[in-house]
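> Next come the chains, spelled out residue by residue.
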Amino acid sequence: MIPAKFEYIKASSVSEALALLDKHGDDAQLIAGGHSLVPAMKLRLNQPGTVIDIGKIPGLNSIKEDGDDLVIGANCTHHQIATSPIVKQKLNVLAQTAKSIGDIQVRNKGTIGGSLAHADPAADYPAVILASDAKIEVEGINGKRSISGSDFFQGIYATALGSHEMIIAIRIPKASNGVYLKFSHPASRFAVVGCAAIKNGAGISIGLTGVADHAYRASAVERAYDGDAKAASEHAVDGVAVMSDNFASSEYRSHLAKVFTERALSALG
Amino acid sequence: MQIKVSVNGKEHISDVVPMMSLASYLREVLLLTGTHIGCDTSSCGACTITLDGKAVKSCTILAVQADGSEITTIEGLAKNGEMHPLQSAFKENHGLQCGFCTPGMIMTASGLLDENPNPSEDEIRHGLEGNFCRCTGYHNIVKSIQHAAESMK
Amino acid sequence: MSNYIGKSIKRREDNRFITGKGKYTDDLVLTGMTHLAFVRSPYAHAKIKNINTKAALAHPGVVAIYTGDDCGNFGVPCGWQVNFKNGDTMKEPPHPLLAVGKARHVGENVAAVIAETLQAARDAVELVEVDYDELPTVTDAKAAIQPGAPQVHDDVPNNIVFDFQIGNPKDEVNAAIESASHVTKLNFKNQRLSPNAIEPRSYIADYDVNADKYTLYTSTQNPHLIRLLMCAFVLGLPEHKVRVISHDVGGGFGSKIYHYTEEALVTWVSKQIGRPVKWTSDRSEAFLTDAHGRDHVTTAEMGFDDNGKIVAFRVHSEANLGAYLSTFSTACPTYLHGTLAQGCYTTPLINVDITAVFTNTTPVDAYRGAGRPEMTYILEHLMDTAALEMKRDPVELRRINFIPAFDGVNQPGYQTQVALQYDSGNYHATLDRALEMLDYKQFRKDQEESRTNGKLLGIGFSTYIEACGIAPSAVVGSLGARAGLYESGHVRVQPTGKVSVFTGSHSHGQGHETSYAQFVADTLGIPIDDVDIIHGDTNEVAFGMGTYGSRSLAVGGSAIMKSLDKIIEKGAKIAAHKLEAAEADLEFAEGKWTVKGTDKSITFGDVSLTAYVPHDYPAGLEPGLDFSSFYDPTNFTYPFGTHIAVVEVDKDTGKVSLKRFIACDDVGNVINPMIVDGQIHGGVAQGVGQALLEGVVYDENGQMITGSYMDYAMPRADDLPFFETDRKVTPCPHNPLGVKGAGEAGTIGATPAVANAVMDAISHLGIKDIQMPITPERVWRAMNS
Amino acid sequence: MIVQGRYRILASATDVWIHLMDPEVLKKVTPGISELMPLGDDKYKATSKIKIGPVNGSFEGQLELIEKIENKTATIVVNQTSKIGNVSAEIKMHLEAIENTTEIVYQGEAKLSGKLAMMGQRIIGGVITSLSKQFFESLNKEIINS
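The listed protein sequences derive, respectively, from chains A, B, C and D. Numbering of the first sequence is given in my numbering, commencing with residue 1 and proceeding in unit increments. Numbering of the second sequence is given in my numbering, commencing with residue 1 and proceeding in unit increments. Numbering of the third sequence is given in my numbering, commencing with residue 1 and proceeding in unit increments. Numbering of the fourth sequence is given in my numbering, commencing with residue 1 and proceeding in unit increments.
No lab work stands behind these hints, which were simulated from the structure alone. Since the model is a prediction, treat every value here as computed from it, not as a measurement. Any given hint might turn out to be false.
Computed list of chain C residues with no C-beta within reach of chain D, every gap over 12 angstroms [claimed, not checked]:
| # | residue |
| --- | --- |
| 1 | 40 |
| 2 | 41 |
| 3 | 413 |
| 4 | 613 |
| 5 | 734 |
Cross-link-like lysine-lysine pairs, in silico, DSS-like; alpha carbons within 30 angstroms at most [as the list claims (entries may be wrong)]:
| # | chain 1 | residue 1 | chain 2 | residue 2 |
| --- | --- | --- | --- | --- |
| 6 | B | 91 | C | 47 |
| 7 | D | 111 | C | 47 |
| 8 | A | 5 | D | 45 |
Idealized CB from N, CA, C, for every residue including glycine.
Chain A extracted, bound-state conformation (with noise of 0.2 angstroms):
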């Protein structure tokens, strides 16, 4: 298989790689592990007339505690997330998800950046940017902003971010208190549903991802939770259009994100 022609650009630096996407506009793609774009490319299903790598660009690459933050660069790959004694210390819950993603070699070259602008529907991270009430810090020509988890997931691959933007990092608020559980699609090990839970004092937090069409914050389970985890996990599917496929019916989808909800609560210490 071989992608239909397109130009490659490297960039050198994000500033470059912004002028880049504004000169070749929609017809341009970027490309930072590419794990989820080539394969696309080779089967055809996209062919981008520019694809600029962000791959190499310095600086995206750092892992940085910042107050009660960790800052993660965008192009962190998941290996690097899965093994970082900072985020296994401060953020366990990430490095754990970081550690569920795809297999060692795509844990390798896929970056945490790609993926969240990517938005697969079943996407890990989701479910722990959601829980943890990270920021996604992304720049445009315009300049930068921050978007939550929340207005950041906005449906099937789509995503709060503008065709001229691109991430830049991801803002986490530590939490030593978290546990995100999956249950594997046996194909793709893509979520068929994971639960990211997190505890804060005496409030708890729960991102599903697999779930509907774009990660969510499970805001009826967090209500509802007196300590009984499996009266509140009930309400994980509450309002929720569920997603269905040949693997799992939109009905057997929603009573797996119940049990995971109510595993993953029970699982904070």
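Dock chains B, C and D against the given chain A, drawing on the hints supplied.
The following block gives chains B, C and D in isolation, referenced to the frame of chain A:
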């Protein structure tokens, strides 16, 4: 576009079209056909190589993305005529049958053992999540990796 | 003497594979080679009204484009004729290389674009404009035979290819079922599978204008058969001018037995353009065009008497053969399927009734096991289900129905109700051993306990038998096979005593280069390094039938043994002359001919040299030590065994985890235990795949919605445990090596064991059956209905 | 693939009807449509560009409105072809006036072929939900702002 890569310790400067995957580059330009293409969409793992020390699937990396990288393929694993312990272990333990997935399996295992020299059976099995084998039922592949880990101590 | 036979000699072929030096077809590059890419039908059933290739032809780098109008007269044949019950010949509509007038399944070849580069070919494919008229589709075999169903082929009424029956008269069987004290009845689908060898099919054809000769490099399991079919039945080429080479092949599992349209097409194209042309399938094409396996819709009933003895067994299935007849498709649901209905039980009355059907789907053919896994699933799944229904232990139910042990030498073979005569068997022995490995009593205790903690344990049994070593030509010929199924084995002793062995069988993972060398070396009493095994090239090897149906060692190995006998016999004449002794006074052992009772001897090497440098040579004897033989077996071989699966079902999610898999198989004598174990492991994994994960699904419009590794689930390393294997040996009485066959046994035995284990785990909840693949949702639904 | 759902529009059925029958509005609110050229008899030549995650394709074909009963019901028939597969859909819409609003109940079937069908099954349900949502949200906005 011109790219410069070091493959199995040897530097190559090549002109490639951006459409070319790294797997195709290795196979068609450098004639290193030990890197196999089974699905071409990063699911089966037959094309696994190490790129800057990390196991990756070369079918979904563009050759131009690999510019400036150091690459090891199955052909570069044996050093000075001496098989890598993984290669010997795969032969000793019948870790292969048709041989098609084998280079990818060995390269994945090499990445796995670099990071975790003492993997449990479970860690090995999860470590092979990205590689299909249709012949062996994985039984002897897992055994091979266990034995290689043992012999590399 | 056996220095090698029975030992786990490490495989010699591994050296090239572990260093990346294997030579698979797609690895080859020929000078001036062009690339072919297909325009494929996006519809399951459509009239092709017009194909416009103008823009594509104008695309830079395009060499030629062909459509059905150019080569539609050529079609690939079916290799096995199965007639209707009433004697009418089966329906065999043409299977053109490129669709003519109509496309009958998604992915059917519609046009072929040949270009200088793969890039240009793929780009130009998108420029070919095809005007289709979509037609109604049918993908399910049962639906296809209903009145008014869409017609796949105009001249095949009700889409019925043939109907078929084997066993005892139907009314006798029906009467016995009706008067049985217990009847277990199941309706299920033996779902469609995609073989998924990890190496995609690949072909390179190279036509030499000056010599008017063709070379076809192909990833096939049987190069001679491909050459024969292509030359004689498709393109009408002179067979002696066609060379088919099949180097290393990355797995077959049946899917690379058949002569595919793409294979003949590249050969034809190479002559048209006078240049080499390569086509390598991509994974999407593999899903759409590699012949699928299984796909039977079945009703099966088994009647028992008060003591649990089986009194009768009847099966009715619709077998989906897809849109066209693939090479051995017609044999799979009939002679490779109905004939297995005896299993290892003494069932006195059996009737198997099959309707073979065309649908708008990818052609179906033999996939690891070919008809036998389908029947074994029916039988063994019925046995465990019957045991649950009758509240009998599944092990005891089997024991009271087993055919008693027989070795085929002192006791005769066992004549079944379904045409076969089993060669030898001892079914209690593998069951006993497997139970020892398990600790059955402890398991039942653990199971009780598991029911209180949400992780339901279950155990499933399968005491399978299979018929392999395909096959006695006379038998299969009388059953409609259009080719003999013997094998060739050629042994060429070189002057220095080194030995080149040419086999018509083919290795694509089975390790022939090692296991064949083991018995050759032992038989000749020479070091294994002095033996080389050559296969996969029609110019080097005598006509052979290839590898499938677990036949290589039993049939191909036996052919080599015949040649070795001739070598030793001729060698004896030379030795007698050199030793000045009577031939009758010589014995051959440990690589020497010795005059009995003396220390006078001559080595194999000296005899070899004398044969080729005949300065001192028996008068009247031809020089040389080189023999070719064809071996046509007198019977199939019948491996058997006991497989036990232990599963755990997550009560909350329905997810099944395979905790243990125990296999005690009897494949007759064993040349290389390591390789045999490896075959069992791989077979079991594919059997587990069918039970729990795999299944090709078409939507209501005939679109395949499981056509990638994102949706088609196959076992990965973390889906499986280590397998616990052991073996019993009941030699095959009718071939010289005493071997049976091990390639398919694992797959045949494993599927019902796993499915039965799931039922054992959850049947106490009142669940009767679950369709395969046993996905978490199906289990959850069953538990909550 | 069954397509069904309901959506509440904050306008009268007459208002909804007028907008639905206006090709300019249809063009604006139907996701991806870049061109809608009247061919007469409520038939239009439609060109669209769909960009949903990994899929980015140009489609061409027709859009037709049939079985129209003013202010009550209409069926949209779409046939679009592309290099990556074809899409056809027939979706019946019922307008129900509920106080000052209109509930649109829609039901029908969408058919995909080629690579779209083969690769898209995991996500196609979600895609259809998303596109329907977009369509009605845009329609709602269009009516309210008009």
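> Take the hints in turn and mark each one as holding or not.
Hints, one by one, checked against the model:
The Cβ of residue 40 of chain C does not lie farther than 12 angstroms from every Cβ of chain D; its closest approach is about 8 angstroms, which violates its non-interface assignment. With a least beta-carbon separation of about 9 angstroms from chain D, residue 41 of chain C fails to lie farther than 12 angstroms from that chain, contradicting its non-interface assignment. The Cβ of residue 413 of chain C lies farther than 12 angstroms from every Cβ of chain D, with a closest approach of about 49 angstroms, so its non-interface assignment holds. At roughly 64 angstroms, the least C-beta separation between residue 613 of chain C and chain D is larger than 12 angstroms, which holds for a residue marked as non-interface.
With 12 angstroms as the threshold on Cβ separation, the claim that residue 734 of chain C sits away from chain D holds: the shortest Cβ distance comes to roughly 48 angstroms. In summary, the hint linking residue 91 of chain B to residue 47 of chain C is not supported, as the alpha carbons are separated by about 53 angstroms, beyond the 30 angstroms threshold. A distance of roughly 18 angstroms separates the Cα atoms of residue 111 of chain D and residue 47 of chain C; the hinted pair therefore holds under the 30 angstroms criterion. About 29 angstroms separates the Cα atoms of residue 5 of chain A and residue 45 of chain D, which keeps this hinted pair within 30 angstroms; it holds.
Checked against the numbered hints above, the structure violates hints 1, 2 and 6; every other hint is satisfied.
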